[in-house]
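Number of protein chains: 2
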Amino acid sequence: MENSALKTQMVELAREARAAARVLATLPTEAKNSALRHAAEGLIKSRALIESANATDLARGKEKGLSGPMLDRLRLDTRGIEKLAEGLHQVCALPDPVGKELSRNVRPNGLLLRRVRAPIGVLLIIFESRPNVTVEAAALCLKSGNACILRGGSEALATNRTLAKVLREAVAETAQPVPAAAINVVETADRAAIAELLKLEGLIDLVIPRGGESLIRMVAENTRIPTIKHYKGVCHVYVDEGADLNLAKTIALNSKLQRVAVCNAAETLLVHRQVAAAFLPEAAATLMEKGCELRVCPETKAILAAAGISNKLLQEATAETYYNEYLDRIMSVKIVPSLEAAADHIEQYGSRHTETIVTPSPERGRRFQALVDSACVFVNASTRLSDGFEFGLGAEIGISTDKLHARGPMGLEELTTYKWLGDGDGQLRT
Amino acid sequence: MENSALKTQMVELAREARAAARVLATLPTEAKNSALRHAAEGLIKSRALIESANATDLARGKEKGLSGPMLDRLRLDTRGIEKLAEGLHQVCALPDPVGKELSRNVRPNGLLLRRVRAPIGVLLIIFESRPNVTVEAAALCLKSGNACILRGGSEALATNRTLAKVLREAVAETAQPVPAAAINVVETADRAAIAELLKLEGLIDLVIPRGGESLIRMVAENTRIPTIKHYKGVCHVYVDEGADLNLAKTIALNSKLQRVAVCNAAETLLVHRQVAAAFLPEAAATLMEKGCELRVCPETKAILAAAGISNKLLQEATAETYYNEYLDRIMSVKIVPSLEAAADHIEQYGSRHTETIVTPSPERGRRFQALVDSACVFVNASTRLSDGFEFGLGAEIGISTDKLHARGPMGLEELTTYKWLGDGDGQLRT
Chain A
6 MENSALKTQM VELAREARAA ARVLATLPTE AKNSALRHAA EGLIKSRALI ESANATDLAR
66 GKEKGLSGPM LDRLRLDTRG IEKLAEGLHQ VCALPDPVGK ELSRNVRPNG LLLRRVRAPI
126 GVLLIIFESR PNVTVEAAAL CLKSGNACIL RGGSEALATN RTLAKVLREA VAETAQPVPA
186 AAINVVETAD RAAIAELLKL EGLIDLVIPR GGESLIRMVA ENTRIPTIKH YKGVCHVYVD
246 EGADLNLAKT IALNSKLQRV AVCNAAETLL VHRQVAAAFL PEAAATLMEK GCELRVCPET
306 KAILAAAGIS NKLLQEATAE TYYNEYLDRI MSVKIVPSLE AAADHIEQYG SRHTETIVTP
366 SPERGRRFQA LVDSACVFVN ASTRLSDGFE FGLGAEIGIS TDKLHARGPM GLEELTTYKW
426 LGDGDGQLRT
Chain B
6 MENSALKTQM VELAREARAA ARVLATLPTE AKNSALRHAA EGLIKSRALI ESANATDLAR
66 GKEKGLSGPM LDRLRLDTRG IEKLAEGLHQ VCALPDPVGK ELSRNVRPNG LLLRRVRAPI
126 GVLLIIFESR PNVTVEAAAL CLKSGNACIL RGGSEALATN RTLAKVLREA VAETAQPVPA
186 AAINVVETAD RAAIAELLKL EGLIDLVIPR GGESLIRMVA ENTRIPTIKH YKGVCHVYVD
246 EGADLNLAKT IALNSKLQRV AVCNAAETLL VHRQVAAAFL PEAAATLMEK GCELRVCPET
306 KAILAAAGIS NKLLQEATAE TYYNEYLDRI MSVKIVPSLE AAADHIEQYG SRHTETIVTP
366 SPERGRRFQA LVDSACVFVN ASTRLSDGFE FGLGAEIGIS TDKLHARGPM GLEELTTYKW
426 LGDGDGQLRT
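Chains as they are written, first to last, in our numbering: chain A, 6 to 435; chain B, 6 to 435.
Derived by calculation from the structure, the hints in this document are not laboratory data.
It cannot be assumed that every hint is accurate.
Note that the list lumps identical chains together, so a pair holds whenever it fits in one copy or between two copies.
[Said to hold, decoys possible] Within a straight-line C-alpha distance of at most 30 Å, the following computed DSSO-like cross-link-like pairs (lysine-lysine) qualify: (1) K234 <-> K105; (2) K237 <-> K204; (3) K170 <-> K69; (4) K105 <-> K237; (5) K234 <-> K204; (6) K12 <-> K234; (7) K69 <-> K12; (8) K88 <-> K50; (9) K306 <-> K237; (10) K88 <-> K69; (11) K204 <-> K50.
Bear in mind the structure is a predicted one, so any value in this text is a computation, not a measurement.
Given these sequences and hints, build the entire structure.
And the structure:
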């Protein structure tokens, strides 16, 4: 498409979304829930249409030579569509964050001052993953009173278009309708569309890129619209002096191996020198038995060698090792002289996502939580628990490794801002 | 200064601030308060030194031909220094936001999950105004556990340097000292220093530019560090149908004229057509009596002409009129057919700062508050009340017209983020 035509099209899309957001912002909860229920019905009714669009994407994907796992992620079958419909009903059941009072006080001059949650406005969500995200993100935005502009991967374009069409028609059909333009999918595979959208500072209020680090950096570097980012999950398990070594092993194994290709899986094991010789041989052997490669500091290597452990899965760490987010069955290991040194290591190499300490001492747990500047800091629990559903948020729009606005797992509330509302009877500034 | 030397110097400054922030983050409230009290004493003891530095700035300012009001803003005399010391004691008395629990719940697996306020880290505050801001901003950052890098106007450089020196020495002298590098003033007038600092995404967590729109745009356009902005205050007073016209006049006058060169002063008066003929002649006459120029829509002009009001302060509005932030004794006036039209006008021309409706109807007040997407939306109260002290925040670091992180007047809490802290006894992901 010609560039100026694309630009005009994207501006028009964002303007329509903005107008829809104004309507959506004042809709009562029941109208939004009704729209979500209609959307769920719409998905079920339009199953054949969606599956046929998905077949088109799958066929194109095969032609392009997408890998088996990639094709699996792209596939949306009857069961998948039913699950999406169930997800919409679950979002219905979540409390509406809009209008929730955050604070209330009466000023000395009699002004009643309240801080109340309000929608952010227009959200641009850019993602690479499965077409499911189109439905999940649209539902969470709708429930929180925000219009959304969704840009999924180009390999899922036909599916995403169809899903959006079904959702838009369904939500606009209710008694107190949600404007169709509350849900928008960018209907071109042209990557220049993203660049145009990222320029629309006055029309789009927030960008949430979900995907690999390169996508997120591309977005952050090309927009002045506020962005909530999630760069990496270099999560740490720190085994403190005096730790229960069985508990430490259990937490390290669960953090590293329960699921490896996810951001809250641990990448690095830090061990206090006091327990290193007692802890590391068995922990390392168990990790390697489970197929986990280890990249260890020289001190760890010596301890393992002394214990007679050598293995082709055992490698020496290099200077860069501790920055790695493996997302795989690989773990960095390092011995540290103190809790403070563990915190220093995390400050230097970590990504401010999630860390855990295994310690019998509540005081040392508190100290670790105070020293470590990450979104989630646990005591005696697996890093894998850093998750919107595990936290009881009822939903997860992503995990923020930023510090502003939202930190850690983001639910519906994190898709809102607030307003200060003042009710007076003639209060003036004196 | 050579560019690479300047760069090195700024990186070093930010690194030191970051290290100081880590210490500051875990200091107990009493240590921070003790540092603030020492700082207050330090200012009083070093009065002569500060006044002499200020005399240098004033002499340079006169040479450069700064205006009388500019020189007044630059001046820091004995009384001014005493007031700064009093201000430090007031910050002492504010509650410490760090460690405050925002939420607490026990998950089904037994994990105690708490959301707790934490410092943001290193804040860069760029301002144009009086040297007082150096002391006020340093105190608010210190109390909220953040290290600060302050860059004031070049005309106040000698004063700001001296203030920073006094503060740094004082806070580092206490029993549990605050590192001197928690408070930093950029000690060069070279504007390139700002450009270098704005590049330090990994070292600086937040930028707060305080000043005119051009400063704020320059900052926002030259950094990827999150920025909290305050562009303009195009605030509206909307007089609804059925309004008490005396109340409406009082609120309009106070909003416009109580102090004109401030962001929460009203710039535009919107009047429902139903009350326009009864309200506008007297309101306009009173505004003009007080020296306020009016830029009015044709319908308003006709009503005033019919009432025999003509005045050289009366002008016709143009297409651009309603975007104006006058910061002066000038007001735009427009008649609207409905509350919804008033909200539409505010959406198009406003700056999302503060608006007020004068109405006898609580329902219409609520509707206006729901429709208008601004930081502060009042019913029957002056826009001038949109202020950190009036809101009882005890301090004001600025007013945000952004929607992310902080909106409206910002106090100490807005200088914090949060952490998720989880306390377990072996919880795993299953």
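Taking the hints in turn, this is what the structure says about them:
Proximity of K234 and K105 under a CA criterion of 30 Å is satisfied in both settings, with 26 Å inside one chain copy and 25 Å between copies. For the identical chains of this complex, K237 and K204 are neighbours both inside a copy (25 Å) and across copies (21 Å), given an alpha-carbon limit of 30 Å. In this homomeric assembly, K170 and K69 come within 30 Å of each other (Cα to Cα) only inside a single copy, at 26 Å, whereas the closest approach across copies is 64 Å. Taking identical chains as interchangeable, the C-alpha atoms of K105 and K237 lie at most 30 Å apart only when they sit on different chains, with a minimum of 28 Å there against 32 Å within one chain.
Both within a single protomer and between protomers do K234 and K204 lie at most 30 Å apart by alpha-carbon distance, with minima of 18 Å and 18 Å respectively. Taking the closest pair of Cα atoms, K12 and K234 come within 30 Å of each other both inside a single copy (25 Å) and across two copies (27 Å). Taking the shortest Cα distances, K69 and K12 sit within 30 Å of each other inside one copy (28 Å), while across copies they are farther apart (47 Å). When the C-alpha separation of K88 and K50 is checked against a cutoff of 30 Å, the pair qualifies only within one copy, where the shortest distance is 14 Å, while the shortest distance between copies is 70 Å.
In this homomeric assembly, K306 and K237 come within 30 Å of each other (Cα to Cα) only inside a single copy, at 27 Å, whereas the closest approach across copies is 61 Å. Only within a single protomer do K88 and K69 lie at most 30 Å apart by alpha-carbon distance; the minimum there is 28 Å, versus 71 Å between protomers. Proximity of K204 to K50 under the C-alpha cut-off of 30 Å is found in neither arrangement, the shortest distances being 37 Å within a copy and 52 Å between copies.
In this structure, only the earlier hint numbered 11 is contradicted, and the remaining ones agree with it.
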